[in-house]
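Residue numbers (full-length UniProt numbering), protein chains in the order written: chain A, 1 to 418; chain B, 1 to 418.
Careful, some of the hints might be misleading.
[As the list claims (entries may be wrong)] Computed cross-link-like contacts, SDA-like style, restricted to lysine to any residue with a CA-CA straight-line distance of at most 20 Å:
| # | chain 1 | residue 1 | chain 2 | residue 2 |
| --- | --- | --- | --- | --- |
| 1 | B | K258 | A | S319 |
| 2 | A | K276 | B | A389 |
| 3 | A | K384 | B | N223 |
| 4 | B | K384 | A | V282 |
| 5 | A | K272 | B | T168 |
| 6 | A | K272 | B | N253 |
| 7 | A | K272 | B | N223 |
By construction, these hints were calculated from the structure, which means they are not laboratory data.
Protein chains: 2
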Amino acid sequence: MSTNSSLSFLPNNQVDSMIDWLYTFGPTKDQGTTRLLYSEPWIQAQQSIYENFKKQGLTPSFDDVGNLYGRVEGTDSHSSAIVTGSHIDSVVNGGKYDGTYGIISSLLAVTNLIHRCGPPKKPMEVVSLCEEEGSRFPLTFWGSGNITGKYAGKNTDELFDKEGVSLTQAMHDAGFGKGNYTNPVRNDIGSFIELHIEQGNVLEQSGNSLGIVESIVGQRRYNIYVTGQSNHAGTTPMSYRKDAMSTASLLINWITSKVTEVDPNLVATIGKIEAKPNTPNVIAGEVMFTLDVRHHLTEVLDSFCKDMFEYFNEVIAQSGVQVSSSQWMDVNPVKMDSHLTTTAYETTKQFHLPSQYMISGAGHDAQMFGMHYPTSLIFVPSHKGISHAPQEFTKKEDLDNGIQMLTEMLYNWLIKEG
Amino acid sequence: MSTNSSLSFLPNNQVDSMIDWLYTFGPTKDQGTTRLLYSEPWIQAQQSIYENFKKQGLTPSFDDVGNLYGRVEGTDSHSSAIVTGSHIDSVVNGGKYDGTYGIISSLLAVTNLIHRCGPPKKPMEVVSLCEEEGSRFPLTFWGSGNITGKYAGKNTDELFDKEGVSLTQAMHDAGFGKGNYTNPVRNDIGSFIELHIEQGNVLEQSGNSLGIVESIVGQRRYNIYVTGQSNHAGTTPMSYRKDAMSTASLLINWITSKVTEVDPNLVATIGKIEAKPNTPNVIAGEVMFTLDVRHHLTEVLDSFCKDMFEYFNEVIAQSGVQVSSSQWMDVNPVKMDSHLTTTAYETTKQFHLPSQYMISGAGHDAQMFGMHYPTSLIFVPSHKGISHAPQEFTKKEDLDNGIQMLTEMLYNWLIKEG
Numbered sequence: 001m002s003t004n005s006s007l008s009f010l011p012n013n014q015v016d017s018m019i020d021w022l023y024t025f026g027p028t029k030d031q032g033t034t035r036l037l038y039s040e041p042w043i044q045a046q047q048s049i050y051e052n053f054k055k056q057g058l059t060p061s062f063d064d065v066g067n068l069y070g071r072v073e074g075t076d077s078h079s080s081a082i083v084t085g086s087h088i089d090s091v092v093n094g095g096k097y098d099g100t101y102g103i104i105s106s107l108l109a110v111t112n113l114i115h116r117c118g119p120p121k122k123p124m125e126v127v128s129l130c131e132e133e134g135s136r137f138p139l140t141f142w143g144s145g146n147i148t149g150k151y152a153g154k155n156t157d158e159l160f161d162k163e164g165v166s167l168t169q170a171m172h173d174a175g176f177g178k179g180n181y182t183n184p185v186r187n188d189i190g191s192f193i194e195l196h197i198e199q200g201n202v203l204e205q206s207g208n209s210l211g212i213v214e215s216i217v218g219q220r221r222y223n224i225y226v227t228g229q230s231n232h233a234g235t236t237p238m239s240y241r242k243d244a245m246s247t248a249s250l251l252i253n254w255i256t257s258k259v260t261e262v263d264p265n266l267v268a269t270i271g272k273i274e275a276k277p278n279t280p281n282v283i284a285g286e287v288m289f290t291l292d293v294r295h296h297l298t299e300v301l302d303s304f305c306k307d308m309f310e311y312f313n314e315v316i317a318q319s320g321v322q323v324s325s326s327q328w329m330d331v332n333p334v335k336m337d338s339h340l341t342t343t344a345y346e347t348t349k350q351f352h353l354p355s356q357y358m359i360s361g362a363g364h365d366a367q368m369f370g371m372h373y374p375t376s377l378i379f380v381p382s383h384k385g386i387s388h389a390p391q392e393f394t395k396k397e398d399l400d401n402g403i404q405m406l407t408e409m410l411y412n413w414l415i416k417e418g
Numbered sequence: 001m002s003t004n005s006s007l008s009f010l011p012n013n014q015v016d017s018m019i020d021w022l023y024t025f026g027p028t029k030d031q032g033t034t035r036l037l038y039s040e041p042w043i044q045a046q047q048s049i050y051e052n053f054k055k056q057g058l059t060p061s062f063d064d065v066g067n068l069y070g071r072v073e074g075t076d077s078h079s080s081a082i083v084t085g086s087h088i089d090s091v092v093n094g095g096k097y098d099g100t101y102g103i104i105s106s107l108l109a110v111t112n113l114i115h116r117c118g119p120p121k122k123p124m125e126v127v128s129l130c131e132e133e134g135s136r137f138p139l140t141f142w143g144s145g146n147i148t149g150k151y152a153g154k155n156t157d158e159l160f161d162k163e164g165v166s167l168t169q170a171m172h173d174a175g176f177g178k179g180n181y182t183n184p185v186r187n188d189i190g191s192f193i194e195l196h197i198e199q200g201n202v203l204e205q206s207g208n209s210l211g212i213v214e215s216i217v218g219q220r221r222y223n224i225y226v227t228g229q230s231n232h233a234g235t236t237p238m239s240y241r242k243d244a245m246s247t248a249s250l251l252i253n254w255i256t257s258k259v260t261e262v263d264p265n266l267v268a269t270i271g272k273i274e275a276k277p278n279t280p281n282v283i284a285g286e287v288m289f290t291l292d293v294r295h296h297l298t299e300v301l302d303s304f305c306k307d308m309f310e311y312f313n314e315v316i317a318q319s320g321v322q323v324s325s326s327q328w329m330d331v332n333p334v335k336m337d338s339h340l341t342t343t344a345y346e347t348t349k350q351f352h353l354p355s356q357y358m359i360s361g362a363g364h365d366a367q368m369f370g371m372h373y374p375t376s377l378i379f380v381p382s383h384k385g386i387s388h389a390p391q392e393f394t395k396k397e398d399l400d401n402g403i404q405m406l407t408e409m410l411y412n413w414l415i416k417e418g
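The following block holds chain A by itself, in its conformation from the complex (with noise of 0.2 Å):
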């Protein structure tokens, strides 16, 4: 076989029909998905999968928290499996795409591969992970970092959803958490490989198909408060005041304006202010706003903040105004396999498929992998760069080079080199 031909051969809607399956777990009405953590829409969802794994031929099994697993042995028994897939659950009113992709792609490119090219050389695992985004319990990456060993010996009992439900009860409801099932901590995965969409524009803007991720950003994320003093809005002279919010929008206008000076790649984000008393007629005596800042490299990261603070200090010295901080998110940058990037970007131009190198700029399940095992992350585009609502979309075509690429990568490491 060339390695010039593409190993493609999907039925023509197959990718869309299979979009179609999966959003029948948790439709809301607004078009949207609602499928969280171990609810009935996510229960439905896993045991579809399980039951599609086996028609598929391939090995179903769930872990201790409900990651789902969909086996295909390998000729080399000794060998450590290569996985690929993403998350089953969604936000609340989420769209079609976020996770699911990653696991139907991966279900496809896996199955047409042995349907092909019969048994790979490395065993070969399709994966619905339980859990990624955090949108039930106040955690995240449930389902990879429970493979990972982040969440070994995790307390559930304290960690409640808004009904007030432990984890360990929905674990338990949902038939999980009680060593029925494989503890899921995995020492015997060799590679992972995560396709997924975009949530972002970058793609559509630069009309390519794919994007090859070097780095997933670390994250930073911070409360900055700040505490002047609330007074009356018309027998206070602006030289008199010490005006929480107009010192607050000096600092929000000095984080936007320096970030696009030192990287194109650096973003920061003040999603939420609250100022109090928050009344038109009083001065506000308090601003507290968030403070999200993200980069592929830690010292982009650490002289941003070294030098924003040392602005905080001048601001507080000329004003009198107080400023203060507390940090509560800091996630390290996680870098993908060089050698399973370079090579995904090669498979591209290989088969001519429209690609570029890329930063991700959100977290994704490839970021737990990658810190222990070779891991790549690709993208497919998001239109308009729409995630997380029921607008969020990715045409066939897009979809449908995902798979692909994700077949001819699997088929150069599991069938033709092993």
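Since the structure of chain A is provided, determine the placement of chain B on it from the hints.
Structure of chain B alone, referenced to chain A:
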């Protein structure tokens, strides 16, 4: 009697004990005062003042909205009345001085004068106005607005307090609004003079006991709506963003910087802000903030607002983020009577009372009266500028200086010159 000798003859703690007397009507657990229009503490306070007027030899009478007058007839029966006083209502958990000091100082000045000098030439009235704050029903100046005809024909059936009680009902329950008393509109007022706490810290900063108000500021209030595009905080590069928060901070910065360049009397306050979706990891698609801008000259307000809207248009053109506004308050500046103002200032100088001219940045009953009759407004200092809070405080020396000043004014006006 020499104009250089003082008429001040207050028993030592008279003003303090009277402040404490009115404080007994509606005290809160935080040592504050809640005395809302037509509430039980309000009724008790007005009744107690009614009895006090009688005891002091003033003829008490209510009008049909609950304004309470204590009148002394003048020897010239055809003359219009000199009215002095302030409002009896308070904000929720307000202080002891706001409004009540104006009533008490008027009562002390008038009774001292008549006890000392006998009947005045012109009729003289102390007024305890029923409402100014707007803290129970969604309207302000219910007392002075009724006297001056602003509220003539106002439908009170459709104005409700937060318990759902209509203004009509509350008024009836307190015994007013049924035509049992005289129509509140007055066409027989010659002049109005009001003493009030400053509610700012200009006097405390300058060390003066008295502020002779030349003008009460005009106020314009707007909601400013900034509409960008909500998007993912990680996957949207800065150059693709339409960040409503970043744009809002640009506008707030411009406003609060610009006002300090225009005129030291111009003040602008962004007291309230709301972002949507107000989530740390989502770029804000919408931000609404309020603008309260005040100055005593219409042309300064006009010019500032014109420049501001021009700047908004520049920002729209440059950023692609939309900015719109809706104005929900437009109160014109009111000039106090220049003859009264000059007389007041000269009186303070004659009696060596430390004083200054100033602008009132807050609204007062004097602005309602000032649109119809020669009116004077005099401030005493507010400690740290605190008002509308239990910590509201003015020291006795300043309270006494105010009363002396009012007594001298009334003496010159009503007794000596008539």
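Hint check:
{"no.": "1", "hint": "B/K258 x A/S319", "in the structure": "holds (16 Å)"}
{"no.": "2", "hint": "A/K276 x B/A389", "in the structure": "holds (15 Å)"}
{"no.": "3", "hint": "A/K384 x B/N223", "in the structure": "violated (30 Å)"}
{"no.": "4", "hint": "B/K384 x A/V282", "in the structure": "holds (15 Å)"}
{"no.": "5", "hint": "A/K272 x B/T168", "in the structure": "violated (42 Å)"}
{"no.": "6", "hint": "A/K272 x B/N253", "in the structure": "holds (18 Å)"}
{"no.": "7", "hint": "A/K272 x B/N223", "in the structure": "holds (19 Å)"}
Consistency with the previously given hints fails for numbers 3, 5, ordered from lowest to highest.
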